[in-house]
Structure formats: C-alpha cells, structure tokens
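Student: Quick mapping for you: the protein sequence lines, in order, are chains A and B. For the first sequence, the numbering used here begins at 1 and goes up steadily by one. For the second sequence, the numbering used here begins at 1001 and goes up steadily by one.
Keep in mind that the hints were calculated from the coordinates and are not lab data. Each residue gets a CB set at the ideal place from its N, CA and C atoms; glycine is no exception. Some clues are possibly wrong.
What the hints assert, rightly or not - Computed from the model, here is a short list of chain B residues facing chain A with C-beta under 7 angstroms:
(1) 1006
(2) 1008
(3) 1013
(4) 1015
(5) 1107
(6) 1108
(7) 1109
As the list claims (entries may be wrong) - For lysine-lysine, the following DSS-like pairs were computed, each having C-alpha atoms within a straight-line distance of at most 30 angstroms:
(8) B/1083 - A/103
(9) A/220 - A/103
(10) B/1083 - A/220
For reference, the chains in residue letters:
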Amino acid sequence: MMKIRIVQSILADNARLAARNRELFGARRVLCVNMMSSPGAGKTTILEKTLPYLEERHGLSAGVIEGDIEGSEDGLRIERLGAPVVQLNTRGACHLDASMVAKALEDLPAEGLDLIIIENVGNLVCPAEFDLGEDLRAVVLSVPEGDDKPSKYPAIFRKANVLLINKIDLVHHVQFSRERVRAVSRRLAPKVAIMELAAATGEGVAAFGDHLAQAARAKKEAR
Amino acid sequence: MHEASIAQSILDIVARHADGARAGRVTRVTVTVGALAAVVPECLRFAFEALARGTCAERAALDIRECEGRGACRACGAEFPVKEFLPVCERCGSPDVGVSGGDALTVDSMDIE
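The following block holds chain A by itself, in its conformation from the complex (with noise of 0.2 angstroms):
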C-alpha cells in the first residue's frame, strides 16, 4: 500500500474553464450575469421585461443562454423578443457548468452584445456550487415561494450580488415579510443589492435594468 498526496480542488477543471470563460468575457468588454432561482420563479419573464428596457433606455444589447433539463419553451420565447438566444438542455443534469457556457458561447455572437445572460437550470441547491464566468450573480425569490428560503437555501443565497424579490404584486395575498426576506439575505451575503419587482406588470423592472446597465458601462470603461 503507498499514499499518494494530492490536495487538489475538485472542482478545478470547472474553474479552470470558468476562468477561460471569465477572460474571454473580458477580451470582449461584455457583462456576465448568472440568474438562478427555483423552477417558476419568474426568472424568463424578468429577461421579457429586462432586455427590451436595457435596449430602449439604455441601447445596451444582451444575448441570452437558457438553462433547462428539457425543451425550448423559454429560449423561444428569448427569440420571440428578438435576441440571440441559445437554449441549452442538460438532460437530468440540475445544473449549468463551465464547459456548457464556453459550448453555448460559440453559438452567440462575438462582438454587438454589452451582456450575457445565463438563465441558469430552474433549482435552488446545485447551480450555487459553480461558477460559470459570470461578474454577477443574481438570484431570484418568488413572493409565493415564501419568506423562508434565504434560511432553507442558504448557500445560494450566501452567493447572491443581487436579490430580486419577484412577483411583489402578490405580496398581501400571502404570507410574507420582505423585511425578514431583507435580514436573513444581508446575513448571508452583507452586500446584496436587494430590489423588489413584479415582472408580470413591470413594477421594479426599470431598477434592475439601470442596475444592470451601470455595471455593463462599468465592465465597458475597465481597463
């Protein structure tokens, strides 16, 4: 019997691949966002509202990566909008890895894109434990889904640059304390940016849409 020493991360060929993703987002100046959220939360209808007010008050263009175990319900309705779009199936994978992105990247356009969206597979576990490249990570919360998540689910929260508070028109039909959303959140992750919007009416789209577009111009201006 020998012992052999390893010490190396398990997840290095998908860090190693998210770095090539991270510099390739880089060279093109483009902002990376990975939206993660439980399945119907509302994460395509965000993008429905969010890309067409990026384009019109900002003239920002972004293309979009659908994450789904099966089908191409959302990346259609992506394309319906007008914007480049590839839809990705995992196939009972619960999860988007590195090496998916980086697949997916060569089937959108190099250069016109300020953003990439990564719509992210629809579950509140597993996309929290890789990174695919992104500059942001945005998770969504559903009013409906209820105000204990950020405690059930803490580690993708606990990873979160922005929390958008969905479907806030619901908010007096159920129960649901936002302000116990808020504390739980900013324990998890002190420097959240937390909005509230309900994508379905268009309440709150405009803040996370000028959210997005400074950190785009951000990214732009780096050196």
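Since the structure of chain A is provided, determine the placement of chain B on it from the hints.
Tutor: Just chain B, lined up with the frame of chain A:
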C-alpha cells in the same frame, strides 16, 4: 444531486493520479468537504460508489473530512469556528456574524496498491 458531478470530478482526479503512479488499484480516497459547501456527505458517498464501478477506484473507501468556516462577531469581536450558514455568536449571542471560508472541496490523498 450535484453530488454526482462532484463525485465524477473526484474520480477524474483519482484516475489521473493513479495513471501517473501506475497504480493497480485505489483502495482509499480522502477528501475534504466544507461544512458550508452545500454537499451532502451521504449523497456524495452514494454517487462515488456508483460511479466508481468499473474504474480503478471500484470499492475504494471514501473518507470525508469536514472543514469548518470562521465566524467573526460584529457586535463583540469574538472569533469562532462555524458549521452553519446563519450562526449566532458563541460569546454574546448576536446574529450579526460575518462568515468566511468553510466551502472547501478538495481531494487530499489516496491509497494505492
């Protein structure tokens, strides 16, 4: 079940090192899993055993070592190890605790024959 992806990554690393060392069989793999890494040890073990079949690590024991994060209380300044995402201060009970680390995922060593 992202534990399956993590188990596969462990086996990829093990296979690379086993090749390099011209190992016949891997009998034990030791990994460190951070308490805040959102990896369930039982799920990792199940996936590892299933995915190891037919590889050089078939029937290898998987030793999982847990590593803790560090908590720093913003109210009283105490520092202490943490295993939870939302700890309270051990000294003063404040929930205002900054947490760092605790999310390590590493392959540390393996035994070969």
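Student: Against chain A, run the beta carbon of residue 1008 of chain B and see if the smallest gap drops under 7 angstroms.
Tutor: Not OK, violated: residue 1008 of chain B not within 7 angstroms of chain A, min 10 angstroms.
Student: With the threshold set at 30 angstroms, check whether the alpha-carbon distance from residue 1083 of chain B to residue 103 of chain A stays at or below it.
Tutor: violated (36 angstroms)
Student: Can we keep the residue 1015 of chain B interface hint, with Cβ of chain A closer than 7 angstroms?
Tutor: Violated - the Cβ of residue 1015 of chain B stays beyond 7 angstroms from chain A, reaching only about 12 angstroms at its closest.
Student: Answer holds if the nearest beta-carbon of chain A is closer than 7 angstroms to that of residue 1108 of chain B; otherwise answer violated.
Tutor: Where the cut-off is 7 angstroms and the nearest Cβ of chain A is about 6 angstroms from residue 1108 of chain B, the hint holds.
Student: Take the shortest C-beta to C-beta distance between residue 1109 of chain B and chain A; is it under 7 angstroms?
Tutor: Result: holds, 5 angstroms to nearest chain A Cβ.
Student: Would you mind confirming whether the straight-line C-alpha gap from residue 1083 of chain B to residue 220 of chain A stays at or under 30 angstroms?
Tutor: The given pair, whose Cα atoms are some 40 angstroms apart, is violated under the 30 angstroms limit.
Student: Less than 7 angstroms between beta-carbons is the criterion; does residue 1006 of chain B satisfy it with respect to chain A?
Tutor: Status holds, d = 6 angstroms.
Student: Taking the closest Cβ pair, is residue 1107 of chain B under 7 angstroms from chain A?
Tutor: Holds: closest Cβ of chain A sits about 5 angstroms from residue 1107 of chain B, inside 7 angstroms.
Student: Take the C-alpha atoms of residue 220 of chain A and residue 103 of chain A, compute the straight-line distance between them, and say whether it is at most 30 angstroms.
Tutor: OK: residue 220 of chain A and residue 103 of chain A at ~24 angstroms, within 30 angstroms.
Student: Should the interface hint for residue 1013 of chain B be scored as holding, given a Cβ-Cβ cut-off of 7 angstroms against chain A?
Tutor: Holds, because the Cβ-Cβ distance from residue 1013 of chain B to chain A comes to roughly 6 angstroms (cut-off 7 angstroms).
Hints 2, 4, 8 and 10 from the list above are not met by this structure, while the remaining hints are.
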